[in-house]
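Please take these sequences and the hints and turn them into a complete structure.
Next come the chains, spelled out residue by residue.
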Amino acid sequence: MSTNNKLKAYVRYDGQKKIVPGSLILRENKPTVGNFVEFMPVNLCCGTPTVCDSCVTLQAVGNQYDEEFPFGVYGFTLETQSSGANLTGTIHWTTSFSESFSLDADGDDYDFQYDFGDAIPHTVLLCVDNPSQIQDFELGFGPGDTTSLNNAIALNGLDEWDSDGMNIYSLDLTGLSSIDELYHCCSVLTHINITGCANLNDVDLIDNALTEASVDHVLISLDNYGLNNGNVYLSGGTNAIPSAAGDAAVLSLQAKGWYVDVNV
Amino acid sequence: MSITKVTPEEQAIREAKDKRLSDFIKEGMTREEAKAALEAIKNK
Chain H
964 MSTNNKLKAY
974 VRYDGQKKIV
984 PGSLILRENK
994 PTVGNFVEFM
1004 PVNLCCGTPT
1014 VCDSCVTLQA
1024 VGNQYDEEFP
1034 FGVYGFTLET
1044 QSSGANLTGT
1054 IHWTTSFSES
1064 FSLDADGDDY
1074 DFQYDFGDAI
1084 PHTVLLCVDN
1094 PSQIQDFELG
1104 FGPGDTTSLN
1114 NAIALNGLDE
1124 WDSDGMNIYS
1134 LDLTGLSSID
1144 ELYHCCSVLT
1154 HINITGCANL
1164 NDVDLIDNAL
1174 TEASVDHVLI
1184 SLDNYGLNNG
1194 NVYLSGGTNA
1204 IPSAAGDAAV
1214 LSLQAKGWYV
1224 DVNV
Chain S
818 MSITKVTPEE
828 QAIREAKDKR
838 LSDFIKEGMT
848 REEAKAALEA
858 IKNK
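Residue numbers (the numbering used here), protein chains in the order written: chain H, 964 to 1227; chain S, 818 to 861.
None of these hints come from the bench; they were simulated from the model.
Take these hints with a grain of salt, some might be off.
What the hints assert, rightly or not - Taking lysine-lysine pairs in the DSBU-like style, the calculated list, with each CA pair at most 30 Å apart, reads:
1) Lys859/S to Lys843/S
2) Lys834/S to Lys859/S
3) Lys836/S to Lys859/S
4) Lys1219/H to Lys843/S
5) Lys1219/H to Lys852/S
6) Lys822/S to Lys834/S
7) Lys836/S to Lys822/S
8) Lys859/S to Lys822/S
9) Lys1219/H to Lys836/S
None of the values given here were measured: they were computed from a predicted structure.
What follows is the structure, given as structure tokens:
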């Protein structure tokens, strides 16, 4: 196999500080036209199997998007439940810097932020001892961008998922049976898996790029979960029009009092 | 320390801005009306 170690990977950022889909290029030098940032290789392994099982893995990119902004801050927010035990866990920002936390169950927001000092992807591990003490996981509230996420099941127990605007192409929430609200609007989301998310009654995936299979999957899954009087928004962007099977699920949901908003 | 509690003042600002298109559609607006309302909040 031939290799060329001189080549580097670059991605382009637009005026809203988002990665331009499809802009990844390999070349020896940084392009002079456009706002390109080097995209370094990342280690997707999260260490020991125990850590992998109990933590959600985030690919985090700090908010440095041009050379005039010499910081790379990334963050998100956790809203705690308003009663019960403290929310406890550990966050591994890097392989050499971790923090343990114990947050009051006071219903308030807690910001998690770290300055990577650059704008390349870093693997962050969020390990929560008692996810049922999370009211809302607000990925979209912090600076920077989350470009992928793995092992969401490690957060099963939380109520609300909010990753609006994050540049995630594929979101696998399999097994998150606790969530009743799911918000991921206005981005590049193409695939989603909500298998086992049987308590969802408010889903907003407006203005994404969901495939027909994903749109159908959401509609059919929600229909199969059998809840009444929910809301599901799948319109806008380039979200696909449901197939005949998806349309059947739309009718069934509407018969159960759901508000259903899809592209037609 | 990189974990901080959000102040009540900041919390109030966030809650005022934490609106999504579907919130306005739920209130009975059309998609176009909702977009305009959302834009107005973001530009405040």
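Original post:
Hey, Lys1219/H versus Lys836/S, does the alpha-carbon distance stay inside 30 Å?
Top reply: Since the Cα atoms of Lys1219/H and Lys836/S sit roughly 26 Å apart, the hinted pair holds (cutoff 30 Å).
Subject >> Pair hint Lys1219/H and Lys852/S, alpha-carbon separation not exceeding 30 Å >> reply: 28 Å, holds
Subject >> Given hint Lys822/S paired with Lys859/S - CA-CA distance at most 30 Å >> reply: 24 Å, holds
Subject >> Pair hint Lys836/S and Lys822/S, alpha-carbon separation not exceeding 30 Å >> reply: 21 Å, holds
**OP:** With a cut-off of 30 Å on the C-alpha distance, tell me whether Lys859/S and Lys843/S pass.
**Re:** Holds, because 19 Å separates the two Cα atoms, which is no more than 30 Å.
Original post:
Are Lys834/S and Lys859/S close enough, with their CA atoms no more than 30 Å apart?
Top reply: 7 Å, holds
**OP:** Measure nothing beyond the straight line between the CA atoms of Lys1219/H and Lys843/S; if it is 30 Å or shorter, mark the hint as holding.
**Re:** 17 Å, holds
Original post:
Would the pair Lys836/S and Lys859/S pass a check requiring their Cα atoms to be no farther apart than 30 Å?
Top reply: 9 Å, holds
Original post:
Does Lys822/S pair with Lys834/S here, judged by a C-alpha cut-off of 30 Å?
Top reply: 18 Å, holds
In this structure, none of the earlier numbered hints is contradicted; all agree with it.
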